[in-house]
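Position 143 of the sequence shown, counted from 1, bears residue number 372 in the working numbering, the numbering being contiguous throughout.
One should not assume that every hint holds.
[Said to hold, decoys possible] DEER-style ranges, computed between Cβ atoms:
| id | residue 1 | residue 2 | range |
| --- | --- | --- | --- |
| 1 | 332 | 277 | 52 to 60 Å |
| 2 | 249 | 341 | 45 to 53 Å |
| 3 | 277 | 306 | 34 to 42 Å |
| 4 | 308 | 255 | 38 to 46 Å |
| 5 | 316 | 340 | 35 to 43 Å |
| 6 | 260 | 367 | 32 to 40 Å |
| 7 | 311 | 334 | 46 to 54 Å |
| 8 | 288 | 249 | 18 to 26 Å |
| 9 | 373 | 311 | 32 to 40 Å |
| 10 | 299 | 349 | 26 to 34 Å |
| 11 | 249 | 339 | 42 to 50 Å |
| 12 | 286 | 233 | 34 to 42 Å |
| 13 | 247 | 342 | 17 to 25 Å |
No lab work stands behind these hints, which were simulated from the structure alone.
All C-beta atoms, glycine included, are put in the ideal place defined by N, C-alpha and C.
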Amino acid sequence: MARMHTHQRGKSHSSRPIAKRAPSWSKYTPEEIETLIIKLGREGHPPTKIGMILRDQYAVPLTRTTTGKTVSETLKAQELQAKIPEPLSELLKKTTRLRRHLEKNKADYVNKRSLIIAEAKIHRLVKYYKAKKQLPPDWSYKPQIVTGI
Numbered sequence: 230m231a232r233m234h235t236h237q238r239g240k241s242h243s244s245r246p247i248a249k250r251a252p253s254w255s256k257y258t259p260e261e262i263e264t265l266i267i268k269l270g271r272e273g274h275p276p277t278k279i280g281m282i283l284r285d286q287y288a289v290p291l292t293r294t295t296t297g298k299t300v301s302e303t304l305k306a307q308e309l310q311a312k313i314p315e316p317l318s319e320l321l322k323k324t325t326r327l328r329r330h331l332e333k334n335k336a337d338y339v340n341k342r343s344l345i346i347a348e349a350k351i352h353r354l355v356k357y358y359k360a361k362k363q364l365p366p367d368w369s370y371k372p373q374i375v376t377g378i
């Protein structure tokens with residue numbers, strides 16, 4: 230997400246490895262990596278957490294170089310992908326936390342501004358995901374406290 234509401238310029242020199250093929254030190258085959266992704270997806274982990282688990286516990290640097298598919302594409306093929314994309318669901322959780330805080334602390338103006346900024350991001354993401362057909366066209370954001378997220 231672009232930094233619309235701050236003066237930050239982003240991370241410098243954060244780039245992925247150049248290699249287009251799997252590293253020689255990786256000991257997993259593409260089939261084993263896909264079964265790991267499916268197993269972790271069935272446990273309820275989102276794609277970013279699956280990528281971190283594969284990187285930290287199984288020493289798989291990038292799934293795309295080994296399997297030819299991303300974690301999200303693998304989950305989508307097995308119909309394990311979430312109904313709401315992960316960045317949008319994280320923003321929905323954040324607005325829920327901000328609204329709960331605002332109920333208790335009505336004069337917290339910094340929190341009110343944070344809530345406005347988060348909801349603006351939600352509206353932009355919803356527009357993007359509807360254009361990419363990752364959300365149904367009739368989906369809309371209802372600002373309220375969502376329990377159970």
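In ascending order, which of the hints set out earlier in this document are inconsistent with the structure?
Those not satisfied are hints 1, 3, 4, 5, 7, 9, 13.
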